[in-house]
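Trainee: The listed protein sequences derive, respectively, from chains F and H. The working numbering puts the first residue of the first sequence at 1, with every later residue one more than the last. The working numbering puts the first residue of the second sequence at 1, with every later residue one more than the last.
Derived by calculation from the structure, the hints in this document are not laboratory data. All C-beta atoms in this analysis are idealised placements derived from N, C-alpha and C, irrespective of residue type, glycine included. You may find that some hints are simply not true.
Within a straight-line C-alpha distance of at most 30 Å, the following computed DSBU-like cross-link-like pairs (lysine-lysine) qualify [to be verified]:
1. H:Lys22 <-> H:Lys107
2. H:Lys170 <-> F:Lys138
3. F:Lys170 <-> F:Lys138
4. F:Lys170 <-> H:Lys138
5. H:Lys416 <-> H:Lys378
6. H:Lys378 <-> F:Lys170
7. F:Lys334 <-> F:Lys170
8. F:Lys331 <-> F:Lys138
9. H:Lys331 <-> H:Lys378
FRET-style restraints, in silico, Cβ to Cβ [what the hints assert, rightly or not]:
10. F:Asn399 <-> H:Arg110: 53 to 63 Å
11. H:Asp38 <-> F:Ala117: 52 to 62 Å
12. F:Asn306 <-> H:Lys334: 35 to 45 Å
13. H:Asp23 <-> F:Lys416: 34 to 44 Å
14. H:Ala449 <-> F:Glu445: 25 to 35 Å
15. F:Glu445 <-> H:Pro475: 29 to 39 Å
16. F:Gly29 <-> H:Asn77: 54 to 64 Å
17. H:Lys5 <-> F:Thr52: 55 to 65 Å
18. H:Arg110 <-> F:Asp65: 49 to 59 Å
19. H:Ser297 <-> F:Pro314: 16 to 26 Å
Number of protein chains: 2
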Amino acid sequence: MTLIKLPEPDQGVIARRDVIVKDLERLVGADVIISDEDGRRAYDTDALTAYTRMPLAVALPRSTDEVATILAYCRDNGIKVVARGAGTSLCGGALPAEDAIVISVSKMSRVLEIDYANRTARVEAGITNLAISGAVAKDGFFYAPDPSSQLACTLAGNLAMNSGGAHCLKYGVTTNNVLGLKIVLMTGEVVEIGGAHLDSEGYDLLGLVVGSEGQFGIVTEATVRILRCAEGARPMLLGFGSSEAAGRCVSAIIASGIIPVAIEFMDKPAIHVCESFAKAGYPLDVEALLIVEVEGSEAEITALLNRIAEIARPYRPETILVSSGADQSAKIWKGRKAAFGAIGRISDYYCMDGTIPLGRLPEVLVAIARICATHGLKVANIFHAGDGNLHPLILYDANDAAQAIRAEEAGAEILKLCVEVGGCLTGEHGVGIEKRDLMTVQFSETDLALQMRIKTVFDPEWLLNPAKVFPLEAPRPLAA
Amino acid sequence: MTLIKLPEPDQGVIARRDVIVKDLERLVGADVIISDEDGRRAYDTDALTAYTRMPLAVALPRSTDEVATILAYCRDNGIKVVARGAGTSLCGGALPAEDAIVISVSKMSRVLEIDYANRTARVEAGITNLAISGAVAKDGFFYAPDPSSQLACTLAGNLAMNSGGAHCLKYGVTTNNVLGLKIVLMTGEVVEIGGAHLDSEGYDLLGLVVGSEGQFGIVTEATVRILRCAEGARPMLLGFGSSEAAGRCVSAIIASGIIPVAIEFMDKPAIHVCESFAKAGYPLDVEALLIVEVEGSEAEITALLNRIAEIARPYRPETILVSSGADQSAKIWKGRKAAFGAIGRISDYYCMDGTIPLGRLPEVLVAIARICATHGLKVANIFHAGDGNLHPLILYDANDAAQAIRAEEAGAEILKLCVEVGGCLTGEHGVGIEKRDLMTVQFSETDLALQMRIKTVFDPEWLLNPAKVFPLEAPRPLAA
Chain F
1 MTLIKLPEPD QGVIARRDVI VKDLERLVGA DVIISDEDGR RAYDTDALTA YTRMPLAVAL
61 PRSTDEVATI LAYCRDNGIK VVARGAGTSL CGGALPAEDA IVISVSKMSR VLEIDYANRT
121 ARVEAGITNL AISGAVAKDG FFYAPDPSSQ LACTLAGNLA MNSGGAHCLK YGVTTNNVLG
181 LKIVLMTGEV VEIGGAHLDS EGYDLLGLVV GSEGQFGIVT EATVRILRCA EGARPMLLGF
241 GSSEAAGRCV SAIIASGIIP VAIEFMDKPA IHVCESFAKA GYPLDVEALL IVEVEGSEAE
301 ITALLNRIAE IARPYRPETI LVSSGADQSA KIWKGRKAAF GAIGRISDYY CMDGTIPLGR
361 LPEVLVAIAR ICATHGLKVA NIFHAGDGNL HPLILYDAND AAQAIRAEEA GAEILKLCVE
421 VGGCLTGEHG VGIEKRDLMT VQFSETDLAL QMRIKTVFDP EWLLNPAKVF PLEAPRPLAA
Chain H
1 MTLIKLPEPD QGVIARRDVI VKDLERLVGA DVIISDEDGR RAYDTDALTA YTRMPLAVAL
61 PRSTDEVATI LAYCRDNGIK VVARGAGTSL CGGALPAEDA IVISVSKMSR VLEIDYANRT
121 ARVEAGITNL AISGAVAKDG FFYAPDPSSQ LACTLAGNLA MNSGGAHCLK YGVTTNNVLG
181 LKIVLMTGEV VEIGGAHLDS EGYDLLGLVV GSEGQFGIVT EATVRILRCA EGARPMLLGF
241 GSSEAAGRCV SAIIASGIIP VAIEFMDKPA IHVCESFAKA GYPLDVEALL IVEVEGSEAE
301 ITALLNRIAE IARPYRPETI LVSSGADQSA KIWKGRKAAF GAIGRISDYY CMDGTIPLGR
361 LPEVLVAIAR ICATHGLKVA NIFHAGDGNL HPLILYDAND AAQAIRAEEA GAEILKLCVE
421 VGGCLTGEHG VGIEKRDLMT VQFSETDLAL QMRIKTVFDP EWLLNPAKVF PLEAPRPLAA
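Next up, chain F with everything else stripped away, as it sits in the complex (with noise of 0.2 Å):
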């Protein structure tokens, strides 16, 4: 994949790097600095493994001066920065820069406070998803927003990202799960935004910090929401003779009225890489399956799965199965959140991300299936289809040039596709430089120059994360 340019980098930053290397370990210690290449090539790519970049230097600061300090030393030196969590993002939003320190937080992982009483936790940033859950999961409570990756991505990447997740249709994603930030800007100052309460004052800074994919500063600390856990859940499956009819029940199932927690779509490639996989007793003769998952008391699970079977009775499902207990519901999971590995163990993917109302979802399958047979691509469907937010699977060999630069082409056009009927390039992926280039069929001329010049409010020298989400020949405006 080589459709995304990437900008040359300044040769003259890279001719100081020693002299670069020696200030920062003398500002923050040796320990706190990697230089060596075997070091620094561990940082040289993302989940969008396709590009890779040798970054200047690598730093993991302990603590939020440290970061302010790097910080400080970077802009007066004019030096870019690429911060990044896990390294998880799957569209190259933590690609390092050979011009650029990459600071990575995560060994800035403590739970600093919970609060049971305002149902809250305080964190440091680089502390991974599902070890947020683990801190109050004793107590009966849980952090809702959950990635498919959420074992190894940090909160860090989640709040740049604004990630979603399967249970995501109930409990919203990160933007409306975090109350406080603690955020670095690039001059090294320490902004606080938000905090243990509801609604933020001023302007929403905090809104607009969550997504906003490195640009403006370094978090380092957040306040989340934590929730009670339900009394019991109960994943039910849905199997239709086509994807279009699975489509269609999916908006039945929303316009009705209930919330289930989940409502997760596979198409048939996807059911039968995930069933080999995870073995959770997915019906292998229908073309696409939904996993619908509800929430409460056995009364209620009980009452709400039966609506459901019902509301999906004209759609003529082939298959309804309740999951009898525990450990069904624990496998029919494994084989949805294990999806995106099982399928890159067959093949290798490019994983789109996009969202549309959800009463398109039937028409905008179909055209997807053409989209990929245009370009003589498989795809494998597998999504948050209660949300809208579409992850195709664009199936091709890496080793074959022209067959991933078709992969690219068809991902462009499914995602155009995603605007065109009213919905966004990016669903909780994030932009990155994936999607970079795409920015125009999103967003006009006057859009794309307001959110330039708010960047340009926080990085006024536009050092932060550079080369990312917005197209490189759109004009940076000029600081105040």
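Position chain H relative to chain F; hints supplied.
Mentor: Structure of chain H alone, referenced to chain F:
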């Protein structure tokens, strides 16, 4: 109340009034512009009636195009603009200025599109809050945020202030219920933000604009979420021997993980006034009353109310009364929703609006009583307890200038207290002129400078809604 300073108007602009009015009449038609004194007087204040200013002229545009034409003209001629919905702002957010044009969107009140499959409605911003629910009620849907002024207040004002309401405990505030906006910038450019899908693309400009108090542009259209009405809902009354016990009970309900639709709090003075107005059956001998509403099926409602009664038991409720049916429920809510009006019949009052972390509620209630007593003033407390959004009403005599100033002083102390315990200055009423000078209590110089630089991105000449939100002394950043 004269504590808040307003800037001297620009006499040069006032001198050009006749020319400006003629220009505007030529551009958008004479029937859109109000220029006579009687007509303008109807717009000289909002619900913070202690402050009045006669506007230069008033425009009542009928379309986005007309709004754009007026804004472009004002920008080209350096004329300030105050956006207005229904003028129900409690913080002076819509207070005019003698050198500013008021642009009210109240004539733009059409429902443009209702889409049940996507559960959205597209409306003009001048529609009243209640009219949105009215448009979809026949099909069993509603628009969730429900400020007490919902009969009169416009969505435009709700968007400006990020309004909440009694039922926002479960459904969130305005920002959680809006998916897309059309906003006219000061240049006359029209920008569309978000759309009929979850998660906004690019930076979260949608979140940024909601709650920006008319500082960024004029919103003319919005796509809002509509929700399916619950099967049923029922309130219960819980009366306690002290405000502290009631406060502790609220914390216990929330900490249990139950999310009622609403938990409203009234202290004794509020109970008596509201009961004499609404004959709702509120107990008159208790010190504090909670209205707790839950919704769902009959069985769910009964189970939840029983569980809440159990949770309340350690706080020794003197009254536990479950509504017997629709009539009684309506009366119970009528008392609460009419509270401000009912109190206004017996005294002038200054309505505060702060939020606190819920766990601090009991001690904050004690401190509010102490602050008001110190200033020799009575206070009635009536507010959204479930989400920690307080509305103490400080009672005073507006004809007694010294008392009026003491009321403002007590109010400022209460808001500082909210910030001190980790809360914030405003829950849903906004900053406007009222809390402008308290912003330095909440925000550091760095915070404020950042917010003001963002304001400059949208409105480089600072023509929109002047002298609101930011302390007058804070240096205005120049445009790039």
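Trainee: Would you mind marking each hint as holding or not holding in the structure?
Mentor: How the hints compare with the structure:
1. H:Lys22 <-> H:Lys107: 21 Å, holds
2. H:Lys170 <-> F:Lys138: 25 Å, holds
3. F:Lys170 <-> F:Lys138: Answer holds: Lys170 (chain F) to Lys138 (chain F) is near 22 Å, not above 30 Å.
4. F:Lys170 <-> H:Lys138: 25 Å, holds
5. H:Lys416 <-> H:Lys378: Within the cut-off at roughly 19 Å; holds.
6. H:Lys378 <-> F:Lys170: 43 Å, violated
7. F:Lys334 <-> F:Lys170: 20 Å, holds
8. F:Lys331 <-> F:Lys138: 22 Å, holds
9. H:Lys331 <-> H:Lys378: Measuring from Cα to Cα gives roughly 26 Å; hence the hint holds.
10. F:Asn399 <-> H:Arg110: 53 to 63 Å: Holds: the Cβ-Cβ distance is about 57 Å, inside 53 to 63 Å.
11. H:Asp38 <-> F:Ala117: 52 to 62 Å: Since the Cβ atoms of Asp38 (chain H) and Ala117 (chain F) sit about 54 Å apart, the hinted range of 52 to 62 Å holds.
12. F:Asn306 <-> H:Lys334: 35 to 45 Å: Check passed, 37 Å falls within 35 to 45 Å.
13. H:Asp23 <-> F:Lys416: 34 to 44 Å: For Lys416 (chain F) against Asp23 (chain H), whose Cβ atoms are near 43 Å apart, the range 34 to 44 Å holds.
14. H:Ala449 <-> F:Glu445: 25 to 35 Å: 28 Å, holds
15. F:Glu445 <-> H:Pro475: 29 to 39 Å: Hint holds: Cβ distance 31 Å, inside 29 to 39 Å.
16. F:Gly29 <-> H:Asn77: 54 to 64 Å: 58 Å, holds
17. H:Lys5 <-> F:Thr52: 55 to 65 Å: 59 Å, holds
18. H:Arg110 <-> F:Asp65: 49 to 59 Å: 55 Å, holds
19. H:Ser297 <-> F:Pro314: 16 to 26 Å: 24 Å, holds
The structure is inconsistent with hint 6 alone, although it conforms to all the rest.
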